[in-house]
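A.B. asks: One line per chain: the protein sequences are L, H, F and X, in this order.
Here our numbering is used: the first residue of the first sequence is 1, the next is one more, and so on.
Here our numbering is used: the first residue of the second sequence is 1, the next is one more, and so on.
Here our numbering is used: the first residue of the third sequence is 1, the next is one more, and so on.
Here our numbering is used: the first residue of the fourth sequence is 1, the next is one more, and so on.
Accuracy of the hints is not assured; some may be wrong.
To be verified - Take a look, some chain L residues computed to stay more than 12 angstroms from chain H by CB distance: (1) T181; (2) E211; (3) T313.
Claimed, not checked - Computed Cβ-Cβ distance ranges for the label pairs, DEER-style: (4) L:S274 - F:R323: 31 to 39 angstroms; (5) H:A344 - L:A32: 19 to 27 angstroms; (6) H:D252 - L:G25: 21 to 29 angstroms; (7) F:R323 - X:T219: 40 to 48 angstroms; (8) H:K123 - X:E159: 30 to 38 angstroms; (9) H:S320 - L:A21: 39 to 47 angstroms; (10) L:E340 - H:A21: 17 to 25 angstroms.
In case anyone wonders, no lab produced these hints; they're calculated from the structure.
The beta carbon of each residue, even a glycine, is placed where N, CA and C say it ideally should be.
Each chain, letter by letter, is given below.
4 protein chains.
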Amino acid sequence: MNFRSDNTAGASDEVLAALIAANDGAQSAYGADEITRRVEHRLREIFENDVVVFLVATGTAANTLGLSCVTPPWGAVLCHAEAHICVDECGAPEFFTGGAKIVGLPGIGCKVEPATVASQLAKMPAGAVSTSQPAALSISQATEAGTIYAQDEIAALAEVARSRDLAVHMDGARFTNALVTLGCSPAQMTWKQGVDLLSFGATKNGCLAAEAVIFFDKTRATEMAYRRKRSGHTLSKGRLLAAQMEAYLKDDHWLDLARRANQAAKHLEEVLFSLHGVRIPWPREANEVFAVIPDGTFGRLQAAGVLCHPWPTDSLPPGSAPRKGETLYRFVTSFRTAPEEIEAVRRACLEATPRPDRMIAGS
Amino acid sequence: MNFRSDNTAGASDEVLAALIAANDGAQSAYGADEITRRVEHRLREIFENDVVVFLVATGTAANTLGLSCVTPPWGAVLCHAEAHICVDECGAPEFFTGGAKIVGLPGIGCKVEPATVASQLAKMPAGAVSTSQPAALSISQATEAGTIYAQDEIAALAEVARSRDLAVHMDGARFTNALVTLGCSPAQMTWKQGVDLLSFGATKNGCLAAEAVIFFDKTRATEMAYRRKRSGHTLSKGRLLAAQMEAYLKDDHWLDLARRANQAAKHLEEVLFSLHGVRIPWPREANEVFAVIPDGTFGRLQAAGVLCHPWPTDSLPPGSAPRKGETLYRFVTSFRTAPEEIEAVRRACLEATPRPDRMIAGS
Amino acid sequence: MNFRSDNTAGASDEVLAALIAANDGAQSAYGADEITRRVEHRLREIFENDVVVFLVATGTAANTLGLSCVTPPWGAVLCHAEAHICVDECGAPEFFTGGAKIVGLPGIGCKVEPATVASQLAKMPAGAVSTSQPAALSISQATEAGTIYAQDEIAALAEVARSRDLAVHMDGARFTNALVTLGCSPAQMTWKQGVDLLSFGATKNGCLAAEAVIFFDKTRATEMAYRRKRSGHTLSKGRLLAAQMEAYLKDDHWLDLARRANQAAKHLEEVLFSLHGVRIPWPREANEVFAVIPDGTFGRLQAAGVLCHPWPTDSLPPGSAPRKGETLYRFVTSFRTAPEEIEAVRRACLEATPRPDRMIAGS
Amino acid sequence: MNFRSDNTAGASDEVLAALIAANDGAQSAYGADEITRRVEHRLREIFENDVVVFLVATGTAANTLGLSCVTPPWGAVLCHAEAHICVDECGAPEFFTGGAKIVGLPGIGCKVEPATVASQLAKMPAGAVSTSQPAALSISQATEAGTIYAQDEIAALAEVARSRDLAVHMDGARFTNALVTLGCSPAQMTWKQGVDLLSFGATKNGCLAAEAVIFFDKTRATEMAYRRKRSGHTLSKGRLLAAQMEAYLKDDHWLDLARRANQAAKHLEEVLFSLHGVRIPWPREANEVFAVIPDGTFGRLQAAGVLCHPWPTDSLPPGSAPRKGETLYRFVTSFRTAPEEIEAVRRACLEATPRPDRMIAGS
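Pulled out of the complex, with its shape left as it was, chain L reads as follows (with noise of 0.2 angstroms):
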């Protein structure tokens, strides 16, 4: 019952297989191969867009490479303060941007708002040179709190962003988690209410190591082969970024994958909020259950062996902070949670009192 990340899970049976058959015959290096080149066919099918797409391993360095794009090194990235590419990776966007400005904005449950982001703005004036100068608008689709935004959310972000040429960028580690929920094409999810550059995650639903790099508007991407061959990630055996995806994308098997794992947050969501004394601050949405929980009760849990990390307290509503002897857990599912699994979580949760109310906050 490892609800830690969706990264504790390995590939999906058919991505393995697929890279398996790959594996065979002699294929051209550094991603000449036709295997890329058909995954390029098709996410320019899925998005409805032709899209110039980048593979590389992980998503580190698909946020960095594409903001890197868009980013000038006295640029400035605006973001929730909570965003992986503000507080996960190390300098990584400061790094590969050749030294930009990363600014974390609040917001509830991680989702950053238009006139937040439009307060930010007024205080970096265009061409001011003491001040760095924002580029790019970065949002995560699902967020880092497991939220999501609505297609309209998206574009009154996008159009704030436009108002002063930034380009908007969506950190897409849990795309098609959010793109599930929402019911949407991936086309009225990005491109169609103005966002210009997508990190599409793979590797958290069902890949080994695979993510794309995708631009909408191509205008941008004429750096990124340069970018992406001198940080190191042009792999020389491409095939392997390659097959994974395509075997990922065939048919509905991405989208499945991410129902599957959000389905199994569902049925956690609702064990967990069975619970005497526990608050939802945010109703999940994708495949990530945030619970503030007594710490007695967590304690019962954890003896059963239920992994999951205390989480930072800082996105949640007014008046919804942990109280003494409460503490915030996130708990993510992936593909591979197995209903047993919530099961067991079910069966350890009966071990306390249940809760004689429900109510998730905001439902």
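Chain L is fixed; fit chains H, F and X onto it per the hints.
C.D. replies: Below, chains H, F and X without anything else, positioned relative to chain L:
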């Protein structure tokens, strides 16, 4: 008959099987898994040294992350003028080091000589703030010309480097190909001769994407975890790298793969040399054959399906430059090169007049 | 009546005369001259410490070169959210450090408190590779709000910093203005409280362009000569910097200049405070006065020729934010500010209704 | 008799007087002052071109800031192997560009030839991601050997550069010394031959610290204000730079200063050449004299108080390398070099046997 690169092959069956086996079950993310621990242990055994190991997916990452740990931004890395780090990584070492200078030195067959290193050091005095400060010497084993440094040659270079406190780095993209030729132990080819850190390549010799940065001098490794993370080279599902490397290093698998590639190159060299007008500028020592070939002869090889790259001629021995109507080519074999492929080349060659005499330069 | 900045004045007569005197004769280039040696000696005397000194022409260079010597690319510098290094240098610290993270902390009157620093450190655990590693604490003395850290406040901050091995940097662009207010020795305001390195500003207080990076901890200074050279801050005719600094530090000249500027600010504060509706959010301590001024009143000041900048309100004490029809302004005085200028402001104020009561926040 | 550098002199009387005159009154900070505006106007007049101008205090800043505007991190700057930017700036161009490659080319007398540039370009194919992409050609006028490119030589180099869309940069640390020798207009020596940007040096020729980065191609200048600010090269009291430059460029002052320095070098060359055994490897063209001097002869000069630097011999014409007992020296004169100093050298020389014949290589 693709002799363009040892990157065109996939992984060995054993490596692939290990990847599949490692896929099941949850593993801690970001290299904190058990397989990674076992690989570290195995490398300590192989190198007879309490090495510090970092796995990455590409040779560029291995070389440049390692070098960045021993070279400050105002430092200089001395290497051969045709070294991969000097001309084939799109400025990656400059990027990772924060702007160090990569100083390319001349040398026949892509080997640098101690006197050349000493002479360059004299031009860059210690403490003179106007010049980048020499910080590392990087040698490739096997070199980009497929040649090999003997143990005492490595020791002599390390001695010059040590005289100015330079770290000694070995680019071992084809480490094992050199090792089986020399027939010495990994320790004898590295730290016993003064090598401080090694890019231990496995991708070209049977893995899909797996390299290890190995520090023999532990004190130089303290920055590495941060550097790897912020450059996007810390894989979330670290088992991907570790499982490959574990299978690669099991028993003599890595050595066997290199022996196969070298043997194929040996046969190819014989075949090419048998052709009238073909000159071999330096004897094959690893898995690469270089040959100056009359254009007409090469046309017949091409017609038969032989693929290979023309090559820069700067490192040729005096007097052996291609004459009008000749071109220098590089042929690379891999563990996958089949005897039938060499045989097919032989047959293609038969259509050309076989040479009357037989002599390889330097042999 | 230009109160926009202490950069609008030229140099003091004494400083200028020294520059002229130093012009004759040949001097060794690049800071190897005798005047530079004498300045180093004088600073060792002033700071009662065997300091290592590097002269540069700008405050941005002083701050960022100094910080880059104590902060690795994966490091973080903690400072106030309105610190000059955080918002006014176009990303210079990120550039010089190779991509470190500048973390802005809240605090009233631009002063950070030990508890705030400790709380931020807790979010960035030592050795956690996903987070930039805290490497330095930078405080401004006087601050960007013209406030001053008392000796024991500096000591308390340094103690928190020391608990995680952070270097303590002081941005002393207005060092002397703070010093004469505190009335302590330079040593007492710096290394005796735990400061490791100091940007010792002279430009704003009577030089044309001269700052000194002063290392109290010599071991941190080893990289500085290379960093200064490669950032273009090693002046060929180094006497330009040294001659200014020598005259500036002669006898009590530097102290006298700061006293003049502070005295002018004191008078200006009194004048502004006498105006009906004007609020002083924190008492003046150095050569800057901040005042929340009714827009109508400010219009009259402007009409009389008063020049100053509106200012961000994030650091105001709770409850003192400008109300509708009010704006926060910063007034800066310099050694050149003439009593007549203050008198002219007073006359302009007379046209407005003088206030019936009198109270300065915190005083 | 200090011939070590043209940096050993101070400023001309005119420049110094202007600095004093500019000191009074308040001026807008950070280069927004009126004197800066006038200097920009004057430079547009001098260059007969609507140039964009940025003043900085050092030649390193001028060169590297300018180059960083035309060279991406994955770019390469081609220049002579002894160019100041290649060997004398501690990796400054690598720092400012974010890791571009500075490629040093051979050439007699520190001049690069079009064919050499073309040959290097052929090794770095456009669009090949494994190689840094050539982005700029930088030539020094006068060169580090004191030689000068004729107008048609500049045009020929620019033509090769243009064939691959390289920007053409001129390092004009000794611009005026070359200009007065060629006797052409500033326009003819720069943009009319294809130069895109110029480091216009004034420090070595009569200022204390003042250089201008001049963009003939405005579109390349858009990043400059941010780059200058974040590298700490935007002086707060910008009048310091502008006042020097204004006086320097007034009427023919700058030309007169250079003529004086060149004339002194001419006399010094005659004096040195008159000595038995002294060889002049290339004729003096600006304010530097290079001479291969027998060690005994040099000893007598030293005894008489002559100071100068020994020099690398890589750029000597074939056959002119110093023989045993000889050394190559560089002598630099400045506007301050007095006829008496040359006369004193002459007297020192008299003690050595004067040469029977007279011939300067290439003249």
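A.B. asks: Could you say whether the range 30 to 38 angstroms given as a hint is met by the Cβ separation of K123 (chain H) and E159 (chain X)?
C.D. replies: holds (32 angstroms)
A.B. asks: Confirm or reject the claim that D252 (chain H) and G25 (chain L) have a C-beta distance inside 21 to 29 angstroms.
C.D. replies: holds (26 angstroms)
A.B. asks: Was E211 (chain L) rightly flagged as not at the interface, with every chain H Cβ beyond 12 angstroms?
C.D. replies: Given a closest Cβ separation of 10 angstroms, the condition is violated.
A.B. asks: Does T181 (chain L) sit more than 12 angstroms from chain H, CB to CB?
C.D. replies: holds (22 angstroms)
A.B. asks: Using the C-beta atoms of R323 (chain F) and T219 (chain X), is the stated range 40 to 48 angstroms upheld?
C.D. replies: Since the Cβ atoms of R323 (chain F) and T219 (chain X) sit about 47 angstroms apart, the hinted range of 40 to 48 angstroms holds.
A.B. asks: Between S274 (chain L) and R323 (chain F), does the C-beta distance stay in 31 to 39 angstroms?
C.D. replies: violated (49 angstroms)
A.B. asks: Within 19 to 27 angstroms: is that where the Cβ-Cβ distance between A344 (chain H) and A32 (chain L) falls?
C.D. replies: holds (24 angstroms)
A.B. asks: Hey, does T313 (chain L) actually stay past 12 angstroms from chain H on C-beta?
C.D. replies: holds (23 angstroms)
A.B. asks: Given a hinted range of 17 to 25 angstroms, is it respected by the beta-carbon distance of E340 (chain L) and A21 (chain H)?
C.D. replies: 23 angstroms Cβ-Cβ, so the 17 to 25 angstroms window holds.
A.B. asks: Is the distance from the Cβ of S320 (chain H) to the Cβ of A21 (chain L) consistent with 39 to 47 angstroms?
C.D. replies: For A21 (chain L) against S320 (chain H), whose Cβ atoms are near 45 angstroms apart, the range 39 to 47 angstroms holds.
In terms of the numbered hints stated before, the structure departs from hints 2, 4, listed from lowest to highest.
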